[in-house]
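Chain A is fixed; fit chain B onto it per the hints.
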Amino acid sequence: MNQQRRKSSLLGALLVSAALFGGGCKDKEESKPNGTGKSGETTTTASRGNVVTGDTIKIGEYGSLTGDNSTFGISTDRGIKLAIEEANAAGGINGKKLELVAEDDNSKSEQAKTVVQKLVSSEKVIAVIGEVASSRSMMAAPVCQEAKVPMVSPSSTNPKVTAIGDYIFRVCFTDDFQAVVAAQFAWDQGFKNVAVFTDVKSDYSKAFGELFANKLKALGGKIAAEPTYQSGDVDFKAQLATIKGATPDAILVPGYYTEVGTIARQAREIGVTVPLLGGDGWESDQLIPGAGTALEGCFFTNHYFAHDLPDPNIKSFVAAFQKAYPGKQPGALDALGYDAAKVIIEALKRSKSLDSVALRDAIADTKGFAGVSGKITLDEKRNARKEALVFEIKGKEFKPKKSYKPEQVGL
Amino acid sequence: MQALVQTLIYGVETGAIYALIALGYTMVYGVLRLINFAHGDVYMIGAFVGFFACTQWLPFKDLSQHPEAAMLNVVLALVTLLLSMLICALLGITIERFAYRPLRNGFRNADAHFWGFVIALPVTAFAGAMTTTKRQGVFLFAGVVIGFIMRPVMAYLAKRIKPSGSRLNALITAIGVSLMLENGGINIFGADPKFIPDILPKRQFNLFGLVFDSSGLIILAIAAILMALLRYIVLYTRPGKAMRAISHDIDAAKLMGINTDRVISFTFALGASLAGAAGFMVAAFTNIKVVPLFGLQPGLKAFVAAVLGGAGNIPGATLGGLIMGVVESLVASKFPQWRDAVAFILLIVILLVRPAGLLGKNTAEKV
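First to last, the protein sequences are chains A and B.
The opening position of the first sequence corresponds to residue 42 in the numbering used here, with each subsequent residue numbered one higher.
The opening position of the second sequence corresponds to residue -1 in the numbering used here, with each subsequent residue numbered one higher.
Here chain A stands alone, though its shape is the one from the complex:
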């Protein structure tokens, strides 16, 4: 009995250590509201939405700081924080400091809705920034619309997001444009017969694939095959073999970086050598670790930002960014987060009064704002009309290859 007992306690110790062995490797960015208490008092009135009454202006942010697409949220968060810090260093708005209230939605749609509810009703923020993933933006947007708090999405590209209501804006282009650019680019590169491999679980992926196929066919091209996958699949070889049999010039994989790397690897493993094409869902510093060398020479459309573009605006942003985050190189999502926050800050300066309804009108008036991801003019559908940039993957770097203006693709 005694011996047995000793053995059992040993096993108990083992379980505890097994549960803790990964503890040191925790890679979570905690986000807590920075500051509570007397500052940032706001009230709600029916006609003015959330109104600033204290000496700080609260701006809400929700994003995927942890979870499946955590790199999306973390990048965006870095950009937003930088913009807010710069504004505060320059003296704030009318002597009032800006305060960022960041909430993590764990990359989950339901969670996005919950945290935004918290932001608008208990934190009483004057504006909300978020999300990257369209599906999560679409969950949270109705909450902002109802509370009359403007929401600015940095990089949700699904057209439906801003259609939710007149309080919902974005500072990026939409998939209507991005997919068409991808098709135009494929055509220009001589990829006339393209296979489209979409994620059936993602609205973004499905819409992208469809719009791409329509444009390519309109240009005179052909869709070689249209198999599908589901995010979370382990094995893509069966579908890739179908694609291989159709001998396309290129394969469009408009998914997120979490699967693209595996798909590219397995494609190379079964002997598919043609380039892969994608969209802004590829942009992540986890893309190359996931793909190894399998994405060499592949292309993806993205927002008009690269840290080495010869634009003075971008140069000063990159310098400020690297000062704030040493050793990090800003990507498009950092830039869009920065721009989303900047658009709000500029609008606050122009706003007639410090309440969310007046702020909405000021944001809607944004014209020709020189952001780091291109000139931002919000149209009547509250979308930004901007250029897109096609990147080529070379080694571990994304190299700008070609840019497209909306007019160039007939939009």
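Cross-link-like lysine-lysine pairs, in silico, DSS-like; alpha carbons within 27 Å at most:
1. B:332 x A:247
2. A:149 x A:159
3. A:437 x B:59
It should be emphasised that the hints constitute simulated quantities derived from the structure, not laboratory data.
Because the structure is a prediction, the values reported are computed rather than measured.
Just chain B now, kept in the frame of chain A:
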């Protein structure tokens, strides 16, 4: 024709992994008549051990910069494989010892000790996280003290808890352990995807117009070796014989002087180590994302494979796994959206047509 054969080959590769996981399900079912739903999560832990070994614990070299280090990486990969198997085996034993055995034999003093700590430590850790004091160590110490205090409380409760023979209790506990591992994994590792870098050089071979990939072949070869080893253990060693005796009749085995608890532990260790090996191999050689829900879908599919082959039947699990892999691959090449559905359609069909499974013996259930 060629495309068909190629698809079959991919199916066998996937199937080998399902078979490795299914073996754990089937062995545990064989000895305990328990479906250990936490098994898929053991597979996930195997992948995470692989990830940490490949990126932090072991000095793997980046092959793109040091191509001459291939041999070193091969050795380290073998070490990682064994490490994954070992840690998963320990995890399997732990799960059995503290979740299933108390249900079977009753709650003992040792369990009281363990659960006392399990309750005390998170509570104090939470209290520590909530306060702003810098002395976090105090809370850990307090946790240990409270753990000791909790022990008699748990021991008192233990006397009131009677063992239950109900299989339903064990099944629900298994689901609980599974959820605990998944959500504990999210908490500890984070839900963001992780990728194991290329640790072995990769090559493709063309044979009769078919493409063979080195990583697929490695998975197949290791799976075959492990299964052969398992067959040897089960058929020719003493613990293997004891396992088979228990699966025939646990009470008779006990009367013959077999230490059934120890053999059951051994069975869990064996099954869990196979799952750990599979988890590491999939994560390292197919480079898919490693997340805490890594084992959810493969675990369910392997469960179907075990039922398909005949729960409790070891060759059956291998056969079931291979069939699952091939069927899935065939379906995915033509109707990819039906890929996951087909596994469960198979489950329903087999339960209707041949509930004992392809190789299982039809025995009347004692009531």
